[in-house]
Amino acid sequence: MCSISRRVLSGTTRLARPAAVAVTLAAAATAVASEPIVISCGACQESPSDPFLQYNYEATQRFNTAHERRYHVQVRQNQYANSGGPERLQYYQRLAVADDLPDVFLLNASEIKELRQTGKLRDLTQDLATDISWRDSFAKDVFSALSDDNGRIWAIPQQRDAIGIYYNRDMLASAGYSDFPETWEDFEAAAEKLKAAGHIAIALDGAWSTLLMWSNLIGTHPEANGFLQEGIRYADDYPLNPAVVTATETLKRWHNAGYVNADAFSGDFQNAAAAYLSGEAAMVANGPWMVNTQLRTNAAIEGLYERTGYAPSPGWEPGARGAIVVTGAGWSSGHTANDETAEAVLAFLKFLSSPEEQLEQARLTGARPAVKIEPEAIVASNLEPLGSTLAEQADSLAFTYPHWRVHAPGLFLEAWRNLWPAYVRGELNSETFLQRLANDAGAKPRG
Amino acid sequence: MIRSGMRLPIALSLAPGVALFATFFVVPFALLVTSSFSEWSGLEFRFTGLENFQRMLADFVFWRAAGNTVFYSAVGVFVQVPLGCLIGIILAQKIRGWKVFRAIIFVPWVISGAAFALVFSMFYNPRFGLLNDILALFGFASRHDWLFDTSTARFAIAGTFAFVLGFTMIVVMAEIASIPKELYEAAECDGAQGWRLHRYITLPLLRNAIGTCVLIRLLSDIGLFDIVYILTLGGPNDSTVTLALYGYRAYLSGEWGFASAIGSTILLIGLVLILSVSRLFRLGERAQ
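One line per chain: the protein sequences are G and F, in this order.
Residue numbering for the first sequence follows my numbering, beginning at 471 and increasing consecutively.
Residue numbering for the second sequence follows my numbering, beginning at 19 and increasing consecutively.
If we strip away everything but chain F, and leave its shape as in the complex, we get:
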């Protein structure tokens, strides 16, 4: 029960936060959702009902973008997160040189997406790129254009993910550091050794951390844009396009209402993912 004399100070102290929330979240969100049911180019505004969504669902590029987004998300969840966990668990054992490895693996996560993409555009370059040079050392000399061949472009983009393991690694290492040593000692007394210690103690206690990493990875991949935009612009023949890039194209062509419909769809997918992953990993619940 709030005392009547406290109501005004509480309201005043909440006001800046509420104003900021309304300005930077509620208003843009309302604008996004409202305009997704309209034809809008910045100058003229006309409600068109579900037309934008119908058009989106009938466009084969949308389905290609959706398929690619699912593919990139799957690579993120099933390759990036497990690899990051594995490295995090190994480095948490404080093996020799672990600090150096930690720094090296963390660096790609820190640098900007644009710089990261430029490095990979050179790595994959068919004329002077490092990848073809490395393959030539193993007898696979070719001038394959990894980014602009529809059969390899999607995998070339996904291949860059393998270098961004730093976030999962750090989260896992931090979580492992908080696990009481007594648990391991007790398990060792009961005869558990090596991998079984991690299987029955570390991994169950990492559930919240792994769930968080999966969630962040998914939310990041569902809106994947910069690396695809810089490396391939969504091509060739839309083989690498993502939902975010598909929406951006609509925005560039002045179809702001259609772009909002795509944005709303991404938002909806994100919401479903948050709820699903939170439930699956029981995020926020204390580990048993």
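Chain G on its own, in the form it takes in the complex:
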């Protein structure tokens, strides 16, 4: 090899080394730059039995695929992900104390009230204010249960459901009712006829479905004075509110008149559901998700879904019906700083509240979207008709109200389950029952 060539090669080598180093550094820098921002989700685990969790899981996978290089949502296993009892609140309170809340997770309204006191929840008010189109995409009043008294928003609504009463059309027709009763008086008359025919008029469980009926009796009462929206938090309001007293005594009367199932105190909704699904009971109160989770499954007798109607609550006066309309839960964040992670959190929350995802959630779970969606899109998505019809109907009813769980104090359900059977059996009078319920539930005195 000639000397010129050697010099050229030697020069090339000298140039190649720094170039290779530069390329390697650039590649490393690119790799670092393309490393996605990882956030954790405490309600996104796979679940073959819970359609809501399963939807969350699938939505997470779609989000990760769509934002492959920028964001990644990591599933954090959580045994309380699909429960809403005091154990879940305690779990999150412990995580808050340890500064270890997930970046994104689901909370119901009463849990938000307790958990925001830890100072570890993200205040989403500003995030919504800086993205007007996102804020305006939500349906009417969906933030009310997820906000505090100062209007600060602590969660992004997961759904907006109208909750009604399922009824067996054939059984009601056999009692002489072609339509669902419009007043509580008619309702009791129908219950009497159903009982006489050997049916269970309404299936209750001493907990969830019993309290839905209690909410309906209070919510449609003209003197409720916002008990379900606010008064339920205050101990003084329980025995003094005429709507609460009337509702409680009416519900007790149904038990003593024999309109309900014998295991109406079990505290297990499955007992109430089984009475309806087996064709023994004519009515049961529950949310629209019951269609997909039970009514259209093998748990129900054949053809029950086709014979089922879904009605709003009767009212105390003709033409004064009502329905529970509720944003049962919302997506909260345990990431309070405004940094790259917050950017990923907000991207995920916006993804979950996009019309496409809300419709997909509605299709999988039966829950209604919390965002405004064009009627054509709803029709095109072919949503389950029972829940859809009630949701549309709810907007024109005389009363809409949340159910008990939205604003009740933390131990309300435990206190109710403890005292309700004794009250129905006459061991406590209405005043004592309601006062003890308020105290044991943890309701505070006003002021």
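A few of these clues could be false.
Short, incomplete list of chain G residues facing chain F, as computed with Cβ under 10 angstroms [stated by the list, open to error]:
| # | residue |
| --- | --- |
| 1 | Glu584 |
| 2 | Ser736 |
| 3 | Pro855 |
Distance condition first, Cα-Cα at most 20 angstroms in a straight line; then the derived DMTMM-like pairs of lysine to aspartate or glutamate [unchecked claim]:
| # | chain 1 | residue 1 | chain 2 | residue 2 |
| --- | --- | --- | --- | --- |
| 4 | G | Lys590 | G | Asp809 |
| 5 | G | Lys820 | G | Asp597 |
| 6 | G | Lys914 | F | Asp167 |
| 7 | G | Lys820 | G | Asp593 |
| 8 | G | Lys842 | G | Asp611 |
| 9 | G | Lys665 | G | Asp649 |
| 10 | G | Lys914 | F | Asp77 |
| 11 | G | Lys914 | F | Glu273 |
| 12 | G | Lys722 | F | Asp167 |
| 13 | G | Lys820 | G | Glu528 |
| 14 | G | Lys663 | G | Asp649 |
| 15 | G | Lys590 | F | Glu62 |
| 16 | G | Lys820 | G | Asp809 |
| 17 | G | Lys663 | G | Glu750 |
| 18 | G | Lys914 | G | Glu901 |
If you're looking for bench data, these hints aren't it; they were derived computationally from the structure.
Virtual Cβ for every residue (Gly too), placed ideally from N, Cα, C.
Got chain G sorted already, so can you dock chain F onto it with the hints?
Below, chain F without anything else, positioned relative to chain G:
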């Protein structure tokens, strides 16, 4: 006398055990006792002296919980243990099919409390439960709600204890197997027969085993929680609530200091029971 060269190796070998004991016993115990004199919700901590204990003693639910706990413990000691002993003594005679009976009786003790409670929630169910069906066969047809009627709830809970005899039975059978046969042969030569053999040989020699069963039963019942929580949640109207459940309610309502005071009380009662039963049964002493 430990040789000076051995002190370090001994200290090192003891260190892991001491560390574990301190971490999982001493620290939680100190935390429990300290916080029982405080108002604590996980966020704020404030010493309040004896306030939690005063409040506890003034609360009628505490006394109801204490009464129920005593009742469940009494059922455990005076029903479960004697029944378990009786079955253990009978099966130790190796009667026909004793292995099958032993397995059947032992199974409820092995399955989890939660699963056991769920089985009984169905057994007592007034609409489709087995108990009302069985009673109907004997002419007592009713749809009585055993778990949610204050007059029967406590007994319904205690009734589940009758199915958990496996532990006492096994301990008694194991102890009987260790009694020398010569003792029985000698007694028979002296004219003792049948029940008198058990009265004068088996039972006195079972003293340690029975005492151990009583102690374990008491300690288990003093902290009874799972079956009551799942079946009735302590209701109706606190008629089935136990001290452990009472403490748990306080914990759920964020009153950790008050919950600790209840926990400390349970601990104290447990300590008194251990000492009393150990002394009563002279546990650890060789049978005469």
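Verification of the supplied hints:
1. Glu584: Constraint on glutamate 584/G satisfied, holds at 8 angstroms.
2. Ser736: Serine 736/G check passes; min Cβ-Cβ to chain F is 7 angstroms, inside 10 angstroms.
3. Pro855: Where the cut-off is 10 angstroms and the nearest Cβ of chain F is about 31 angstroms from proline 855/G, the hint is violated.
4. Lys590/G <-> Asp809/G: It holds: about 16 angstroms lies between the C-alpha atoms, which stays within 20 angstroms.
5. Lys820/G <-> Asp597/G: Status holds; Cα separation ~11 angstroms.
6. Lys914/G <-> Asp167/F: 30 angstroms, violated
7. Lys820/G <-> Asp593/G: 15 angstroms, holds
8. Lys842/G <-> Asp611/G: Holds. Lysine 842/G to aspartate 611/G sits at ~12 angstroms (cutoff 20 angstroms).
9. Lys665/G <-> Asp649/G: 18 angstroms, holds
10. Lys914/G <-> Asp77/F: Holds. Lysine 914/G to aspartate 77/F sits at ~18 angstroms (cutoff 20 angstroms).
11. Lys914/G <-> Glu273/F: 15 angstroms, holds
12. Lys722/G <-> Asp167/F: 15 angstroms, holds
13. Lys820/G <-> Glu528/G: 16 angstroms, holds
14. Lys663/G <-> Asp649/G: With a Cα-Cα distance of about 15 angstroms, the restraint between lysine 663/G and aspartate 649/G holds, given a limit of 20 angstroms.
15. Lys590/G <-> Glu62/F: 15 angstroms, holds
16. Lys820/G <-> Asp809/G: 17 angstroms, holds
17. Lys663/G <-> Glu750/G: OK: lysine 663/G and glutamate 750/G at ~14 angstroms, within 20 angstroms.
18. Lys914/G <-> Glu901/G: 17 angstroms, holds
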